[in-house]
Amino acid sequence: MTADPRGDAGTVWHEAFTLPLVLLSAALLGGLRIDAAGGLAFVPPTLFSLVLAVMLIAVLHRCGALDPARLVHPRRTGLANASGVVIVVALGAAAAQMIAALTPEEGLLALVFDVAWLVLIGNTLAARPDRSRLLSSLLVMFGSAFVVKFILLGALYAPDASLTKRVVMALVEGVSLGALAYQPPGPATGYVIFAAGLLFLAGIAALPHGRHPGGAVDAPRVVDGVLLEDGGRPAPAALDPAPPSRGA
Amino acid sequence: MADALPALDRSWRSPAVIRLAGLGVTALYAVFIVWVYAAQPRSLREMRGGVAASIGAYRIDAAAFDEGLRYFRTDRFAEARRAFARADPAQRDPRTQYYVAYAFLREGWGRVYADDALYRQAQIALQRALAASPDGVVRVDDPDLALKSSDEMAETLARGLRRDVSDLNPLAMLEKRP
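Note that the protein sequences, when read in sequence, are chains A and B. The first sequence lines up with residues 1 to 248 when you count with our numbering. The second sequence lines up with residues 1001 to 1178 when you count with our numbering.
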């Protein structure tokens, strides 16, 4: 085995413990449903949520929020690569469970949510924003799905007439839910999924990103005499004037 | 000795050891998650009992079980089931679940007809007993019981839930209570 080029203890702890445990916790909690009587059920992800999870990982990679070379690379040790594989698998499981948790289980609403996920993730994949914009976008996507499923739909289909239900019904006055069937989850489920969502987003934000030190380096580009970095921004050295030499 | 301690401290902080420990902890956690999704515990109590049973540390409350048995033998079946539920909160003990099923069976049994709802609950309890049994069958050597194995009870329950011409046989009224 070759030496681990990034063997500092903090990074190793992060890869060996923090990321896998955070993402696996999100996967565990993402499938938990608690009914009104307090009964537990653990729901595995749907096939479509697995597909969407793979797309989401592709988005993270393309937008620079996840650098696979920092997790699995020939220059890393075997144990380090095993840690990296565990992180990727845990990320996939957590993503699939979170998407499934934020999607209604069945009916027309499930189809609507699935199409919305597909369009949003596909659009993000095509737009290829940078990492910080991607993280903001994911926060909005997952946050909106949570609000719609657990607050709006939960209130609309709640058996009792809560204040939220009255407000929503007043806002959509004249609109009938008709035969749009939906079984709202128990109130405790929302809190669990909220915690799982925070863990998942924190896990994504903490993924190793940026260019791997041993990875391929793109050739610098020069446009109009200005040295550009990979993202197309002028390099700091190109903007700052060179320090005067002592001999001048 | 004084030199050995810093060396030991350094070895615990080495990347390989941290990664090995991390992989071990992660593997244990992943196994727990897979078990939870496979076993589908319906309450935290069942989850605790399931984890304890999987490492061989689950024990029923013997005093509550004996109390349930006393109720069962005096035909106070609802009280017996409550005591058995206290004795086996995780529903992981085959013998206790067998008695729970038996309590439903005896309560549902009648000379003229069988109570289908209670018989179905007996079937559910019997399935729990079978699921908890390592060899897939439960045998209880109790002279008070007419049905001493899960096979006999399963057949009695299926016969009680079946609708056919034998239900009209008047001699069925002379059958002994199981």
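Watch out, some of these pointers could steer you wrong.
[Unchecked claim] Among the chain B residues that face chain A by a calculated CB cut under 10 Å, a handful are:
id : residue
1  : L1020
2  : R1042
3  : Q1121
4  : L1161
5  : D1164
[Unchecked claim] Cβ-Cβ distance ranges computed for the label pairs, FRET-style:
id : chain 1 : residue 1 : chain 2 : residue 2 : range
6  : A       : V119      : B       : L1044     : 35 to 41 Å
7  : A       : L47       : B       : E1079     : 43 to 49 Å
8  : B       : V1137     : A       : A116      : 39 to 45 Å
9  : A       : Y191      : B       : E1079     : 34 to 40 Å
10 : A       : L139      : B       : A1117     : 48 to 54 Å
Think of the hints as simulated: they come from the structure by calculation, not from any bench. Even for Gly, the Cβ is constructed at its ideal location relative to N, Cα and C.
Return the numbers of the hints above that this structure violates; sort them in rising order. 3, 4, 5 and 8
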